[in-house]
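Asker: Whenever a hint applies, use it, and build me the whole structure from the sequences.
Residue numbers (numbering that gives the first Met the number 0): 0 to 386.
It cannot be assumed that every hint is accurate.
No farther apart than 27 Å at their CA atoms in a straight line, the calculated lysine-lysine pairs in the DSSO-like style are these [claimed, not checked]:
| no. | residue 1 | residue 2 |
| --- | --- | --- |
| 1 | K164 | K300 |
| 2 | K290 | K273 |
| 3 | K303 | K289 |
| 4 | K290 | K300 |
| 5 | K378 | K324 |
Keep in mind that the hints were calculated from the coordinates and are not lab data.
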Amino acid sequence: MTQSFEQIEDQLLAVYATFHSNNGGRLNTEADHIYRTGFQRDRDRILHSKAFRRLGYKTQVFVNSEGDNYRTRLTHSLEVSQIARSVAATLRLNRDLAETLALGHDLGHTPFGHAGQDMLHVLMKDHDGFEHNKQSLRIVSVLEERYPYWEGLNLTRSTLKGMMKHGQVYDCDIHLMPLCEERQNGFPALESILVDQCDRIAYVHHDLEDGLDSGYLHLDQLNRLEPWREAKERCSKKYGIVFDEARIPLRNRIMIRSMLDECISDLIETSIEKLQTLNLQSYDEVLNLKKEQNPIRNSAKMAKQIQDVYQFLHRNLYRHPDVVKMSRRGERIIEILFSEYVKRPEMMPWHVQRRIDKDGLYRVVSDYVAGMTDRFAAKQSSYFVHY
Numbered sequence: 000m001t002q003s004f005e006q007i008e009d010q011l012l013a014v015y016a017t018f019h020s021n022n023g024g025r026l027n028t029e030a031d032h033i034y035r036t037g038f039q040r041d042r043d044r045i046l047h048s049k050a051f052r053r054l055g056y057k058t059q060v061f062v063n064s065e066g067d068n069y070r071t072r073l074t075h076s077l078e079v080s081q082i083a084r085s086v087a088a089t090l091r092l093n094r095d096l097a098e099t100l101a102l103g104h105d106l107g108h109t110p111f112g113h114a115g116q117d118m119l120h121v122l123m124k125d126h127d128g129f130e131h132n133k134q135s136l137r138i139v140s141v142l143e144e145r146y147p148y149w150e151g152l153n154l155t156r157s158t159l160k161g162m163m164k165h166g167q168v169y170d171c172d173i174h175l176m177p178l179c180e181e182r183q184n185g186f187p188a189l190e191s192i193l194v195d196q197c198d199r200i201a202y203v204h205h206d207l208e209d210g211l212d213s214g215y216l217h218l219d220q221l222n223r224l225e226p227w228r229e230a231k232e233r234c235s236k237k238y239g240i241v242f243d244e245a246r247i248p249l250r251n252r253i254m255i256r257s258m259l260d261e262c263i264s265d266l267i268e269t270s271i272e273k274l275q276t277l278n279l280q281s282y283d284e285v286l287n288l289k290k291e292q293n294p295i296r297n298s299a300k301m302a303k304q305i306q307d308v309y310q311f312l313h314r315n316l317y318r319h320p321d322v323v324k325m326s327r328r329g330e331r332i333i334e335i336l337f338s339e340y341v342k343r344p345e346m347m348p349w350h351v352q353r354r355i356d357k358d359g360l361y362r363v364v365s366d367y368v369a370g371m372t373d374r375f376a377a378k379q380s381s382y383f384v385h386y
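Answerer: Written out as structure tokens, the structure is:
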């Protein structure tokens with residue numbers, strides 16, 4: 000039944016998409032599911048994982064305790080998956096694979112956002128470093144414990160390769176090296192490229208909304224930004240007096256939605272144009288593309304607008320004194336936890352300690368700290384600074 004179901008699904012895909020029947024199988028052989036495709040099972044395994052649930056308490060920009068309405072790594076992942084699935088359907092790419100990659104793309108993030116990742120990388124610089132994409136792969140292939148016969152979630156090879164943003168893994172994850180070589184020797188699946196594009200589009204616009212809601216960003220700053228002014232003009236023309244007289248928070252959301260829609264529409268239109276120009280006849284032709292031939296992209300004009308908004312956020316939100324203070328607090332918590340657990344690894348749970356002989360003390364401590372939520376990390380660090 001699964002085979003025939005996958006064949007029906009594959010009929011909806013373009014020749015350059017990743018077919019369900021071409022998922023590469025799994026590192027550990029499993030029987031097919033009776034009514035789900037391989038990629039649908041991958042998606043569901045990520046959704047049901049502990050690592051995915053913990054994203055709800057990990058910082059996107061604002062620490063979870065700062066407010067109930069700000070985005071977290073979990074809500075961001077859901078938003079990216081929604082955009083990626085919609086665009087994939089329009090481009091006739093594999094929606095299930097795109098959704099799976101989007102849901103899993105931030106699994107490896109530390110508590111306290113990029114500040115936590117950067118600090119953990121510094122602490123691990125002599126021990127193969129830390130990088131959240133590599134950590135995501137480690138989570139799904141090693142650290143998640145849900146099955147009695149193997150480590151990790153046993154995802155399909157195509158999903159694992161799609162998660163290899165830079166075609167790299169940690170030295171201790173030697174079982175993934177053959178997939179790394181495949182990934183490095185060919186162009187990524189278009190679904191993987193799409194998720195990268197949707198990730199950037201999502202976080203730029205949603206961080207803008209959260210920044211406005213927090214009061215850290217102000218309209219007098221935004222009115223100097225060309226994409227913002229253009230969105231205001233579009234919305235005023237479209238909605239008329241209803242928009243002009245709306246409350247400012249509502250107007251802001253309407254304008255950000257307009258900016259987001261413009262970016263997504265541009266991504267679709269530009270990608271269709273590039274795909275038609277390339278005239279790809281098979282998935283194998285995708286693997287032979289050069290980097291500069293990437294067909295899944297925004298136009299040059301829109302890419303500049305996205306970059307302009309990102310630079311605006313970097314100057315005015317990510318470097319806002321209060322955000323920097325929150326980030327520094329997160330860095331210090333990570334630093335304290337890492338130092339204490341390296342000195343006294345017996346303080347970590349038994350099931351974590353058991354990995355030390357196989358993966359090494361520093362990698363295991365890194366795994367444990369990286370997997371924490373903001374509030375759990377803060378609570379654990381309090382034991383070491385308040386005695």
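Asker: Does each hint fit the structure? Answer for all of them.
Answerer: To see whether the hints hold, each was checked on the structure:
1. Distance check on the hinted pair: K164 and K300 sit about 25 Å apart at the alpha-carbon level, within 27 Å; holds.
2. Restraint check for K290 and K273: satisfied, since their Cα atoms lie roughly 13 Å apart, inside the 27 Å limit.
3. A C-alpha spacing of about 22 Å is found between K303 and K289, which places the hinted pair at or below 27 Å, so the restraint holds.
4. Taking the CA atoms of K290 and K300, the gap is about 19 Å. The hint holds against a cut of 27 Å.
5. With a C-alpha separation of about 18 Å, the suggested pair K378 and K324 falls inside the 27 Å cut-off, and the hint holds.
No hint from the list above goes unmet by this structure.
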